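Undergrad: Listed below are the residues making up each chain.
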Amino acid sequence: MNDRLLGRAAFLGILGAGAVGMLWGRSVADLAGRLLPDQVAGILPTKGWRIYTIRGVPRIDPAIFRLRVDGLVERPLSLSLGDLRELPRVEQVSDFHCVTGWSVKNVHWAGIRFDDLLAEAGPRPEARWLQFFSEEVPYVDTLSLEQAFAPDAMLALDMDKKPLTGPHGFPTRVVMPRMYGYKGVKWVNRIQVRHDFVPGYWETHGYDSDAWIGKSNFGFIKGQE
Amino acid sequence: MQTERGIRTSPSPKLGFVRRFGRTQRALHWTHATAFFALLGTGLVLWLPALSVWVGRRALVKEIHVWTAVAWAAAVALIIILGDRKGLRADWREIERIDRDDRGWLLGRRTPQGRFNAGQKLNAIFTTAFALLFAASGVLLWLAVRESRFRWDGPIVVHDALTLLSLALVLGHLYLALVHPTTRHALRGMTRGDVREDWAREHHPKWIEESERQTGV
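Residue numbers (numbering that gives the first Met the number 0), protein chains in the order written: chain U, 0 to 224; chain Y, 0 to 216.
The shape of chain U in the complex, shown without the other chains:
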């Protein structure tokens, strides 16, 4: 073989493998995630989940935790974890999609539907939006009442049949499966019922508020719509 071609073939081969990986890398990574021992999977985000925080995982004492529901409601609430567990419970399985490109398939969620939660507080007629506050200040996000009342949206308490862990939002997080993950506020400690819209944390960094999967965060190339 031509000596000259050997190094170039290696160079182009690596580039080619990279290009193939950009198209089919996910299946290879999923396989690696299954084959790797749990110790490695604990350090590398091989099981699919990546933990994105803006201030670090807040430590929350379940004994003193309260979820406040206030704003445009007849009866402002302050709910303990025990109170939340008493409310009607729903379950669903859905895929989780992060806007940055990774997804986790078949996540089992259990928690409370927002219309059940709001029924306790009694929203006033002018209520239009729910603003979610996180213990991880200043992370906030907003859903319209219509979005929040979607059948698969919930305030989750359990993930994969166990209580949420710290990195996944213990004790409560928003689950909105048909929107990108940044809409799913973790460590929710307050839901304010509002008449006006307030942009969420990543929305002030340029992301779309109506973050429908596959139908949002366009417009960089064609210009703002």
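Rather than coming from a laboratory, the hints here were simulated on the basis of the structure. Wrong hints could be hidden among the right ones.
Ranges between beta-carbon positions, derived for each pair [claimed, not checked]: (1) 67/U with 59/Y: 27 to 35 Å; (2) 103/Y with 160/U: 52 to 60 Å; (3) 211/U with 187/Y: 53 to 61 Å; (4) 59/Y with 119/U: 34 to 42 Å; (5) 161/U with 171/Y: 37 to 45 Å; (6) 93/U with 36/Y: 38 to 46 Å; (7) 136/U with 89/Y: 51 to 59 Å; (8) 63/Y with 121/U: 42 to 50 Å; (9) 11/U with 89/Y: 19 to 27 Å; (10) 103/Y with 31/U: 28 to 36 Å; (11) 174/Y with 145/U: 58 to 66 Å.
Just so it is clear, the structure is predicted and the values come from calculations on it, not from any experiment. Beta carbons: idealized from backbone N, C-alpha and C, even for Gly.
Knowing the structure of chain U, use the given hints to seat chain Y on it.
TA: Relative to the frame of chain U, chain Y by itself:
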């Protein structure tokens, strides 16, 4: 000034030393090395759950990572445009040529080596290809959140895999450049530009023979 096969014979090295890398090559190496470690540090914070949680401040770390990458690309482009392009081309031709002796070297035989030994050639090939793939997958990741038609699930896997592979590569490189007794003298070539002639004659005999033939010594 005579440039032949990337060997600058001027300015003349000290007596007993031979010139191995010009200013362009060294500038390129240290620019890339600095950017690599800055990108590795910020990248690991963005990637590893334990570090992400410990550092927090995701938006800020992301900005630093992206702007470091932009600065890296601009600096590398500038060095190539303003620097000794002829010398770089000659280096790359030399790196691409994996001859019989090089293949023997990779199989563990102590065959005579040129200015770059076969391991150094592979290191350069991998580093360059990885840099291009890092840049391509990084641009796609940056674009994905702005234009979701580019939200494929491959680029993030490629970017992650490159992180692990280049970490392994750079650890090997650091060991050979800083610790391993017979190779660590090569570091001087990358800092001062020249290396001891007796060291070069022992470890890179084909290089010295060829330059002696060319300069007619």
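Undergrad: Between the beta carbons of residue 63/Y and residue 121/U, is the distance compatible with 42 to 50 Å?
TA: Between residue 63/Y and residue 121/U, where Cβ atoms are some 47 Å apart, the hint holds.
Undergrad: For the pair residue 103/Y and residue 160/U, does the Cβ-Cβ distance stay inside 52 to 60 Å?
TA: 59 Å, holds
Undergrad: Looking only at beta-carbon atoms, does the pair residue 93/U, residue 36/Y fall within the given range of 38 to 46 Å?
TA: 40 Å, holds
Undergrad: Is the hinted range of 53 to 61 Å satisfied by the C-beta distance from residue 211/U to residue 187/Y?
TA: 59 Å Cβ-Cβ, so the 53 to 61 Å window holds.
Undergrad: If you check the beta carbons of residue 161/U and residue 171/Y, does the distance land in 37 to 45 Å?
TA: Between residue 161/U and residue 171/Y, where Cβ atoms are some 41 Å apart, the hint holds.
Undergrad: A range of 28 to 36 Å was offered for this pair. Does it hold for the Cβ distance of residue 103/Y and residue 31/U?
TA: 34 Å Cβ-Cβ, so the 28 to 36 Å window holds.
Undergrad: CB of residue 67/U to CB of residue 59/Y, is that within 27 to 35 Å?
TA: About 29 Å separates the Cβ atoms of residue 67/U and residue 59/Y, which means 27 to 35 Å holds.
Undergrad: At the C-beta level, are residue 59/Y and residue 119/U separated by a distance inside 34 to 42 Å?
TA: Between residue 59/Y and residue 119/U, where Cβ atoms are some 38 Å apart, the hint holds.
Undergrad: Against the range 58 to 66 Å, how does the distance between the Cβ atoms of residue 174/Y and residue 145/U compare: consistent or not?
TA: Given a distance of about 60 Å, which is inside 58 to 66 Å, the answer is holds.
Undergrad: Could you say whether the range 51 to 59 Å given as a hint is met by the Cβ separation of residue 136/U and residue 89/Y?
TA: 57 Å, holds
Undergrad: Check the following: the C-beta atoms of residue 11/U and residue 89/Y are separated by a distance inside 19 to 27 Å.
TA: Holds: the Cβ-Cβ distance is about 20 Å, inside 19 to 27 Å.
Against the hints set out earlier in the document, no violation occurs for any number.
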